[in-house]
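Top line first, the protein sequences correspond to chains A and B.
Every position in the first sequence, counted from 1, becomes a number in my numbering once 20 is added.
Every position in the second sequence, counted from 1, becomes a number in my numbering once 4 is added.
The set of hints was computed from the structure by calculation and includes no laboratory data.
Certain hints may be false.
Computed cross-link-like contacts, BS3-like style, restricted to lysine-lysine with a CA-CA straight-line distance of at most 27 Å [stated by the list, open to error]: (1) K170(B) <-> K59(A); (2) K113(B) <-> K70(B); (3) K100(B) <-> K170(B); (4) K34(B) <-> K147(A); (5) K113(B) <-> K149(A); (6) K147(A) <-> K59(A); (7) K53(B) <-> K149(A).
Being a predicted model, the structure only gives us computed values, none of them experimental.
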Amino acid sequence: MTDTYTPTAKGLHWLMTILIFGLLVLGFYMHDLPLSPQKLQLYSWHKWAGVTAFLLVWLRLFWRITHRPPALPAGMPKLIQFAAHAGHFMLYALMIAIPLSGWLMSSAKGFQTVWFGVLPIPDLFDKNKELGELLALVHKSLNLLFVAVIVGHVGAALKHHIIDKDDILTRMLPGNRIPRRQ
Amino acid sequence: MKRFILAFTLAAGQPFAANAAEFNQVQPDKSAITFGYQQMGVKMDGRFKTFAAKLNFDPARPTDAKATFDVDLASIDTGAPEGDEEVAGKPWFDTKAFPTAQFVSGSVKALGGNRYEVAGKLTIKGRTQDVVVPATFTAQGTTGVFDGSFTIRRGDFSIGEGAWAKFDIVANDVLVKFSITATSK
Numbered sequence: 021m022t023d024t025y026t027p028t029a030k031g032l033h034w035l036m037t038i039l040i041f042g043l044l045v046l047g048f049y050m051h052d053l054p055l056s057p058q059k060l061q062l063y064s065w066h067k068w069a070g071v072t073a074f075l076l077v078w079l080r081l082f083w084r085i086t087h088r089p090p091a092l093p094a095g096m097p098k099l100i101q102f103a104a105h106a107g108h109f110m111l112y113a114l115m116i117a118i119p120l121s122g123w124l125m126s127s128a129k130g131f132q133t134v135w136f137g138v139l140p141i142p143d144l145f146d147k148n149k150e151l152g153e154l155l156a157l158v159h160k161s162l163n164l165l166f167v168a169v170i171v172g173h174v175g176a177a178l179k180h181h182i183i184d185k186d187d188i189l190t191r192m193l194p195g196n197r198i199p200r201r202q
Numbered sequence: 005m006k007r008f009i010l011a012f013t014l015a016a017g018q019p020f021a022a023n024a025a026e027f028n029q030v031q032p033d034k035s036a037i038t039f040g041y042q043q044m045g046v047k048m049d050g051r052f053k054t055f056a057a058k059l060n061f062d063p064a065r066p067t068d069a070k071a072t073f074d075v076d077l078a079s080i081d082t083g084a085p086e087g088d089e090e091v092a093g094k095p096w097f098d099t100k101a102f103p104t105a106q107f108v109s110g111s112v113k114a115l116g117g118n119r120y121e122v123a124g125k126l127t128i129k130g131r132t133q134d135v136v137v138p139a140t141f142t143a144q145g146t147t148g149v150f151d152g153s154f155t156i157r158r159g160d161f162s163i164g165e166g167a168w169a170k171f172d173i174v175a176n177d178v179l180v181k182f183s184i185t186a187t188s189k
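Whenever a hint applies, use it, and build me the whole structure from the sequences.
This is how it looks when you write it as structure tokens:
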């Protein structure tokens with residue numbers, strides 16, 4: 021059993037950490053701004069980053085399926101193991117569902133997503149005000165849930181590091197660390 | 005009597021036959037003025053809900069055709085309420101000072117088939133530019149439809165000043181499209 025993640029898995033994890041943190045901060049910041057060129061620019065950047073994150077998550081899933089992640093620590097209660105798996109499942113599900121809801125919201129609101137201003141992503145829906153508002157609510161709600169799950173994810177990693185003093189957190193850190201043992 | 009009819013015909017400036025075929029009753033509910041532009045590579049479109057159009061067009065004498073359009077700029081539909089509010093403001097159309105955009109036709113050229121070219125003057129926000137508008141005309145009985153489009157540069161009319169003056173976010177080129185239905189009496 022491997023004790024650490026592959027460099028690719030680590031790289032994707034931290035790349036998406038930065039991307040998702042930026043997307044969340046930008047998303048919550050920009051939606052209340054008064055209309056300005058900056059707002060339009062920020063929206064475009066948010067959409068471009070969102071499409072990028074959506075593509076990366078599939079790459080990550082592919083990598084995870086083909087490269088088994090290290091096992092959970094032995095002696096972890098069944099219920100906590102289940103919570104860990106459920107938490108990671110939620111993270112992946114939300115990383116897929118959130119960009120999808122954003123893209124569909126853009127479609128319904130009549131603002132097509134054009135990746136980096138070059139590659140148009142087809143609109144699934146025609147312009148529809150009610151649907152647009154509904155999808156905006158869905159996008160927002162999923163993100164609030166996402167923030168809650170991320171807080172749980174970070175909290176769990178810190179708990180393992182500080183309280184349990186195991187290698188759950190360090191095995192995701194860059195570099196070839198010697199795994200610390202209990 | 006004969007002389008009287010002849011004199012009357014001449015005074016009217018055109019034969020009765022041509023009068024019958026002149027399309028001059030614009031049908032607002034079957035007419036539309038829309039526009040399209042690019043916003044950071046994204047194609048956007050919108051329309052003007054209210055405009056007044058006067059036109060006289062006789063397919064037998066196209067070069068005598070006349071058209072005047074007055075577009076109520078506050079009736080814009082950009083697809084988003086905050087967009088509609090924004091473009092009514094001073095940096096864009098400044099609709100309080102300049103409520104209407106006007107097109108007045110000048111010379112009309114027949115290009116063959118059902119294609120025409122209308123030269124005219126377009127006034128938006130107090131600035132007037134010469135524009136050449138290609139149009140097609142399709143008639144079915146007493147109903148005729150004029151279709152066409154032309155590109156203006158919003159910078160030429162100071163539409164989008166200040167922070168919006170650069171064209172990196174909202175492009176300079178704006179495609180204006182129209183479809184005008186008119187009937188003959």
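Quick rundown of the hints versus the structure:
no. : hint                : in the structure
1   : K170(B) <-> K59(A)  : holds (15 Å)
2   : K113(B) <-> K70(B)  : holds (12 Å)
3   : K100(B) <-> K170(B) : holds (24 Å)
4   : K34(B) <-> K147(A)  : holds (21 Å)
5   : K113(B) <-> K149(A) : violated (43 Å)
6   : K147(A) <-> K59(A)  : holds (21 Å)
7   : K53(B) <-> K149(A)  : holds (18 Å)
Checked against the numbered hints given earlier, this structure breaks only hint 5.
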